[in-house]
Amino acid sequence: MLVKMARSLQWLLSYLTVTMCILPAIWLAMCAFKTRLEITAWPPIFIFVPTFANFSTLNANHNLGLLTSNSLIVACGTTVFTLLLGLPSSFYFSRIRNQIRQNLLLFLLSTKMVPLIAIALPFYMLFTTIGLHGNLVGLIVAQSVACLPLTIWLMSGFFADIPTEIYWAAQLDGLSARQSFWYILVRVAAPGVGVSVIFTVIFSWNDYLVASILTTAETRTLTAELPILVTQSVTQWGQLCSGIILSLLPISLLALLARRYFIEGITSGTLKKF
Amino acid sequence: MHAISTSSLGIGTLTIVIALMLLIVLLPFCLMTYYSLTDLSFSLPGRTGHFIGLSNFKQALTDSRFWESLLLTVQFAILAIPIELVIGLIVSLALPIRSPCGRLLIPLLVVPLLFSGIAVGLVWRLLLHGDYGLLVYYLRAFGLIGNRSLLGSPTSAFACVLLVDIWQWTPFCAMVLLAARTGIARSLYNSAKLDGAGPLRTFFDITLPGLRHALLVCLLFRTTDCLREFDKIWALTNGGPGTRTELISVYLFKASFEHGDQAYGSALSLLIYIVVIACTNTFLWIVWKKQNAS
Amino acid sequence: MLEIKALKKCYTTGDGQVVALDGVSLAISANEFAVILGPSGSGKSTLLHVVAGLLPADGGEVIIRDNVATHAPVSERRVAMVLQNLGLYPHKTVMQNVEYPMLVAKAKGDERKRCALDLLRLLKISDLADRKPRTLSGGQLQRVALARALAKKADLFLLDEPFSDLDAQIRYELRNELKLLHVSRGLTTVLVTHDQEDAMALADRIALMHKGKIIEVGSPRRLYEQPRTVFAATFMGRPPMTVFRVSLAGRCPYFDGSRLPIDIADTTIPSIEGDVLLGLRPEDISVVMRAGEWCVELIQAAGGFCYVHLKWARLRMVCRSDSQTELRIGDRVALKVMANAHFFDPQTEERIK
Chain X
1 MLVKMARSLQ WLLSYLTVTM CILPAIWLAM CAFKTRLEIT AWPPIFIFVP TFANFSTLNA
61 NHNLGLLTSN SLIVACGTTV FTLLLGLPSS FYFSRIRNQI RQNLLLFLLS TKMVPLIAIA
121 LPFYMLFTTI GLHGNLVGLI VAQSVACLPL TIWLMSGFFA DIPTEIYWAA QLDGLSARQS
181 FWYILVRVAA PGVGVSVIFT VIFSWNDYLV ASILTTAETR TLTAELPILV TQSVTQWGQL
241 CSGIILSLLP ISLLALLARR YFIEGITSGT LKKF
Chain A
275 MHAISTSSLG IGTLTIVIAL MLLIVLLPFC LMTYYSLTDL SFSLPGRTGH FIGLSNFKQA
335 LTDSRFWESL LLTVQFAILA IPIELVIGLI VSLALPIRSP CGRLLIPLLV VPLLFSGIAV
395 GLVWRLLLHG DYGLLVYYLR AFGLIGNRSL LGSPTSAFAC VLLVDIWQWT PFCAMVLLAA
455 RTGIARSLYN SAKLDGAGPL RTFFDITLPG LRHALLVCLL FRTTDCLREF DKIWALTNGG
515 PGTRTELISV YLFKASFEHG DQAYGSALSL LIYIVVIACT NTFLWIVWKK QNAS
Chain H
569 MLEIKALKKC YTTGDGQVVA LDGVSLAISA NEFAVILGPS GSGKSTLLHV VAGLLPADGG
629 EVIIRDNVAT HAPVSERRVA MVLQNLGLYP HKTVMQNVEY PMLVAKAKGD ERKRCALDLL
689 RLLKISDLAD RKPRTLSGGQ LQRVALARAL AKKADLFLLD EPFSDLDAQI RYELRNELKL
749 LHVSRGLTTV LVTHDQEDAM ALADRIALMH KGKIIEVGSP RRLYEQPRTV FAATFMGRPP
809 MTVFRVSLAG RCPYFDGSRL PIDIADTTIP SIEGDVLLGL RPEDISVVMR AGEWCVELIQ
869 AAGGFCYVHL KWARLRMVCR SDSQTELRIG DRVALKVMAN AHFFDPQTEE RIK
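Protein chains in written order, with my numbering: chain X, 1 to 274; chain A, 275 to 568; chain H, 569 to 921.
These are calculated hints, taken from the structure and not from any lab test. Keep in mind that this is a model prediction, so the values were computed, not measured. Incorrect hints may have been included.
As the list claims (entries may be wrong) - The following label-pair restraints were derived from C-beta to C-beta distances:
hint : chain 1 : residue 1 : chain 2 : residue 2 : range
1    : A       : Phe-325   : X       : Gly-65    : 47 to 55 Å
2    : A       : Ile-326   : X       : Thr-129   : 18 to 26 Å
3    : X       : Thr-129   : H       : Asp-583   : 43 to 51 Å
4    : H       : Val-587   : A       : Leu-474   : 52 to 60 Å
5    : X       : Thr-51    : A       : Lys-467   : 53 to 61 Å
6    : X       : Val-80    : A       : Ser-338   : 45 to 53 Å
7    : A       : Ile-290   : X       : Ala-60    : 40 to 48 Å
8    : X       : Phe-52    : A       : Ser-373   : 55 to 63 Å
9    : X       : Val-80    : A       : Val-561   : 29 to 37 Å
In this text, a Cβ means the ideal position worked out from N, Cα and C, and glycines have one as well.
Extracted from the complex, chain X is given alone in its bound form (with noise of 0.2 Å):
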């Protein structure tokens, strides 16, 4: 009888978690579909005829094709470069002696703990010295480094799991030390591997601080233009749910696709190294 009970109360409880998961996300959808009259309404209203004027009106005043473009090219090239550089890194972080793998490990961990705001001049101030700054390939050399020490921390644990006698039975079976390790190591740690890109992807695409500060108005990601449309008078919601939204496209997408493999990394146990 108390079993029954508690079943029915864990059932309760994780439905109402996923629904206060979703429920925001449920409303900008609609929102994003609805004139200004509508999203202001009191009380709510639930029907309505859905209409695109929010997605051109907001294409209108601002350059989406671009926005949407430059978001892309950063992400893929964050991406891009922190697993080509903390891929091998971390492998080789992962065959160290213990004591100098605790102070990288906390060097690198604590370049993490700066909030952003407190180094942003002297970093825009940098930027700008070398010649980086409202430059996308700037962006994607600070974003790397801000993704580089989770994902070295991350996959130094995947790649201590992996025997060494694979990296030596590639290079055996006639590959390079680099080829072995690209081809058949990273295969190998292929969840992690995942998991990296996804963390990357969604922090270099969400990213607002540092895109703020390094962007100008031709390389703006389209996080980063978000805010502009909160204005101290009238803050343009319609536009403002449509822009999020679409914002939030190319994320949902990944995540879908990933879904399946997702499931299995967490549910199989192999992720609890995370």
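We have chain X; now place chains A and H onto it with these hints.
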């Protein structure tokens, strides 16, 4: 072609990574430290960066707004993090993993993590809007709150910020704990059953210890993030009303950019950084000691 | 085919420097089956890894087929190796694992498949072609690793403790198959093991290693019947040779002041005076008659024989006897040496001529 030695693969990239870290993080940090000892300002007249020693720090020590902001941030962390951990724990235990229902529900937990900080703040600004927010409507309909605006009222604004943070990060904790929970060996539970342990006993003796590492990970992540929390707060309340939701990153931003006093902002930043480093080092030292003792 | 000259290798651990290889020199000819035998920690695995190029040498030279290969990368050394931990690719099927060396060597698809299937058939694992490594047993995994190593065109075939995790039956089967493969394919094989039975069964020559040095090299028979060092004498053979200190006086061995109650032919005893080390194998001693000074402590059955453990004064000896023996624990017997006794110098631990 120069061949890479088997045991030294990755040392090159690691060197590059460390060099990048030093250049892009450490260098600005040093610059910031230098600014904190000057009177640099880009907007106030006559402030061209003369060396003024520790005056900025003296000013900081008597800056009540700074200390209030710090206190607020600590309160925020102390309230939000345990709630996220507990709810995350309960949810991770309650979710049916292997059923097809679970396969549908678990991915939906990911939704809050897909939003950027800015988007989270903006969406909840809409939901909690005093005049047309969805949540506000239902809270008033159930008589839970009066006619005042949630985000505009000093008493409830902080609660709103807490709520939004909990919404955003509880699923993260839940998933990390869920992943860890499935990693606990079945055999442990079987032994407990054979020993006649009830559900409560099993939870405290097997589940909880197995989740210890994951809990620490969550704790570490969330704590470091609390101090850097900016996007969400900025979009939700701008730090208002007044300074009621002005967490430390928001105040740093205002001090540096809105008031235009870069040097003072730098001094504050340095103080914050020292506090963060001290806390995390103590934390890690305690954890490291515990691990070595066991 | 393989020449190793004064190879050195050191490790730094938490406690300081560990010398794994201390000036090791060895020459192995083509088509030879060489076994490097030694206890754990003797450096034999390290030696193999350095020859393969997986670990860098700190000094000395490795020459493979007259090419100096000391600093060459692994992929250029024409060496095939079966690692102790196997290193099979977990994400590939057995067939893909075996094909891989040929894939890297850019062999054509049909040829590759044909070769791989041949090898699988040779190692009796054709039915496992589409399975993944994690579903296989220890013996099966070992065969896959062997097939993969054989798929590579190499000058040297190296094996690092290939039988260590297998149960006795499979070990025996695999051992024989390995020797047949070596002969039929004309390989030059170097095998590393701590098991002297494996070494005796497989080797053309055995190199005995201890603490980073090569102690003795020789054929299995020579090492067993005429060991030049005490280490070789006690390492080869199970149960091991009993070696103990005696005093020689007038071609008579004395132990602890009393005359040794073993009947040894005078002519086999060297004519020196003073302390020597005497070594006797169980099969070289036999129980002669009842009523002697040795007391039977234990009788161990072992297939067609039994091993009788005896004691006299402070000395313990093992003697091999028929399984039909009527000896009982507590009996007192006399011993006689039927073949040669082994004498070693107590200081140098080397054989006395």
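To see whether the hints hold, each was checked on the structure:
Distance hint for A:Phe-325 and X:Gly-65: a CB-CB separation of about 49 Å, consistent with the stated range 47 to 55 Å. The given range of 18 to 26 Å is respected by A:Ile-326 and X:Thr-129, whose C-beta atoms sit roughly 24 Å from each other. Range check, X:Thr-129 to H:Asp-583: about 49 Å between beta-carbon atoms, so the 43 to 51 Å window is met. Separation of H:Val-587 from A:Leu-474 is about 57 Å and conforms to the stated range, judged on CB atoms against 52 to 60 Å.
In this structure the supplied range 53 to 61 Å holds for X:Thr-51 paired with A:Lys-467, their Cβ-Cβ distance being about 59 Å. The hinted window of 45 to 53 Å between X:Val-80 and A:Ser-338 holds, with their beta carbons roughly 48 Å apart. A C-beta distance of roughly 44 Å is found between A:Ile-290 and X:Ala-60, which places it inside the suggested range of 40 to 48 Å. For the pair X:Phe-52 and A:Ser-373, the supplied restraint of 55 to 63 Å is violated, since their beta-carbon distance comes to about 39 Å.
Take X:Val-80 and A:Val-561: their Cβ atoms lie about 34 Å apart, and the range 29 to 37 Å holds.
Violation of the numbered hints given earlier is confined to hint 8; every other hint is satisfied by the structure.
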